[in-house]
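J.: What follows is each chain in one-letter form.
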Amino acid sequence: MADWQYCALTDQGVKRKHNEDAVVAVPDIALWAVADGMGGHEAGDVASKMVVDALASVQRPDNFSLFIDAVEDALIAVNQTMREHAGREYSGRMMGSTVVSMLGAEGYGACVWAGDSRLYRLRDGKLAALSRDHSQVQRLVDAGVLSEAEADAHPNANVITRAVGGAAALVVDVLMFDVSPGDRYLLCSDGLYNEVSKEAIAATLAQGSVPDSARSLIDQAVHNGARDNVSVIVIEAGGA
Amino acid sequence: MNAAGDKLNQDLLALTESFANAVIGPAEFRRRRREIICQWTGQPVPQVDVSAPSEDDTHPGMKAITDKDVRDAARAPAAEPAAVAAEPSGKSIRWGLWVTVLLLLFAFSGAGALVWFVLRRSA
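For the protein sequence lines, the chains are W and R, in the order given. Under this note's numbering, the first residue of the first sequence carries the number 75, and numbering increases by one thereafter. Under this note's numbering, the first residue of the second sequence carries the number 2, and numbering increases by one thereafter.
Just so you know, these hints were derived from the structure itself, not from any lab. Certain hints may be false.
Mimicking SDA-like on lysine to any residue, the simulated pairs with C-alpha atoms at most 20 Å apart in a straight line are [as the list claims (entries may be wrong)]: (1) R:K8 x W:D247; (2) R:K8 x W:G181; (3) W:K200 x R:A4; (4) W:K91 x W:E116; (5) R:K8 x W:L249; (6) R:K8 x W:A202; (7) R:K8 x W:D216; (8) W:K200 x R:N3; (9) R:K8 x W:F251; (10) R:K8 x W:D252.
Quick list of simulated restraints, FRET-style, between CB atoms [unchecked claim]: (11) R:G43 x W:D147: 39 to 45 Å; (12) R:W96 x W:E222: 48 to 54 Å; (13) W:E163 x R:L14: 32 to 38 Å; (14) W:D226 x R:F107: 14 to 20 Å; (15) W:A130 x R:E36: 46 to 52 Å; (16) W:A151 x R:S19: 18 to 24 Å; (17) R:W96 x W:G282: 50 to 56 Å; (18) W:R301 x R:W99: 28 to 34 Å; (19) W:P101 x R:Q48: 28 to 34 Å.
Examples of chain R residues lying across from chain W (beta carbon under 8 Å, computed) [said to hold, decoys possible]: (20) L14; (21) G97; (22) L98; (23) W99.
Note that the Cβ used here is the ideal one computed from N, Cα and C, for glycine as well.
Go ahead and model the full structure; you've got the sequences and the hints to work with.
T.: In structure tokens, the structure reads:
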């Protein structure tokens, strides 16, 4: 398996009373994920923790397609558990979590996600979003109704269309990508990209060690007001 | 990412959309997705027992989002996220309190007037 460096950090931010985000890193099987819980009154904390706990227990088969199946199975199982938990403990009130995960291998990787937490890749100084938000505004952008700039300022920018716990049956998206030595990957919750510009994210990812980049991203979000919880995982592919 | 990679990812997203809209079943979805992924990785497509109940007994049942929904969403006024909307608002609680107080005042003044009327007649 490829050699990876990573740093996973999460911060409550400035305005929120709880941290409803959670991060997980399982380097032995090259699996990393960020979950952003929702539901309030501790339900969000519980939801995101359920997601990362489920992913932390995934076993990696030799075949990469079966690895993706295993991650999806874990998320489908936690989707069911979460809905039962919400019915039992929170009188059926909405409880859910976004999830974005990166699965690594030698020369390639996969992103498995639901919701608006994102995976970015920095290669040759250029930042590209690999995942595509499951959100109302992204659908409007896809339909040509809104521009990317208008989407950022749209009042429904935080309304997501998929989440773990959001529907009786969970459907996740999967995307494959190639991995080159020196690539840097960023998994993050919306608390980061809503506070820090794409240009600043690219510049920060491009400089310093992996832990320094991760720390600096969190610091910038907090410096800019961090209205939401902020989570980042910076991963660098080895062999540069 | 090269053009072949882009095409594979478009196929993956389209396949997931078909599954989400219940056009194909879970077993077919997984089988075709494994084929696409193995095409990318160069690994052999794993032989999995498709008759296994875990892959055949569930459907997403997710409502398909149509172009009409997209247009309606564009026209809709700003909405709070579901998580927030699910909680009772403070304003509606205050209105309920006011109505209750007014009804109680009305009931008490009615009862007082009745007592006064009865006592006046009997005096």
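J.: Does each hint hold? Answer for all of them.
T.: Verification of the supplied hints:
This hinted pair checks out: R:K8 and W:D247 have alpha carbons roughly 15 Å apart, not beyond 20 Å. This hinted pair checks out: R:K8 and W:G181 have alpha carbons roughly 18 Å apart, not beyond 20 Å. Proposed proximity of W:K200 and R:A4 is supported: the alpha carbons are some 18 Å apart, at most 20 Å. For a cut-off of 20 Å, the pair hint linking W:K91 to W:E116 stands: about 10 Å separates their Cα positions.
For the hint linking R:K8 to W:L249, the alpha-carbon distance of about 11 Å falls within 20 Å, and the restraint holds. For the suggested pair R:K8 and W:A202, the alpha carbons sit about 17 Å apart, so the restraint of at most 20 Å is met. Taking the CA atoms of R:K8 and W:D216, the gap is near 17 Å; set against the 20 Å cutoff, the hint holds. Between W:K200 and R:N3, the direct Cα distance comes to roughly 16 Å. Compliance with the 20 Å bound is thereby established for this hinted pair.
The straight-line distance between the Cα atoms of R:K8 and W:F251 is roughly 12 Å, inside the 20 Å bound, and the hint therefore holds. Among the hinted pairs, R:K8 with W:D252 is consistent with the structure: their alpha-carbon atoms are about 14 Å apart, no more than 20 Å. Between R:G43 and W:D147 the beta carbon distance is about 24 Å. The supplied range of 39 to 45 Å is therefore violated. A hinted range of 48 to 54 Å for the beta carbons of R:W96 and W:E222 is inconsistent with their spacing of about 41 Å.
The given range of 32 to 38 Å is respected by W:E163 and R:L14, whose C-beta atoms sit roughly 35 Å from each other. For the pair W:D226 and R:F107, the beta carbons lie near 52 Å from each other, so the given range of 14 to 20 Å is not met. Between W:A130 and R:E36 the CB atoms are about 29 Å apart, so this pair departs from the stated range of 46 to 52 Å. A beta carbon spacing of about 23 Å between W:A151 and R:S19 agrees with the range 18 to 24 Å that was offered as a hint.
About 55 Å separates the C-beta atoms of R:W96 and W:G282, a value consistent with the hinted range of 50 to 56 Å. In this structure, W:R301 and R:W99 meet the distance hint of 28 to 34 Å, their C-beta atoms being roughly 33 Å apart. With their beta carbons about 30 Å apart, W:P101 and R:Q48 fall inside the hinted range of 28 to 34 Å. Given hint, R:L14 at the interface with chain W, holds; its Cβ is 6 Å from that chain's nearest Cβ, closer than 8 Å.
Nearest Cβ of chain W to the Cβ of R:G97: about 20 Å, over the 8 Å cut. The hint is violated. At about 22 Å, the closest approach between the beta carbon of R:L98 and any beta carbon in chain W exceeds 8 Å, and the interface hint on this residue is violated. For R:W99, the suggested interface contact is broken, since its CB lies about 27 Å from the closest CB of chain W, more than 8 Å.
Hint compliance for this structure: hints 11, 12, 14, 15, 21, 22, 23 are broken, all remaining hints hold.
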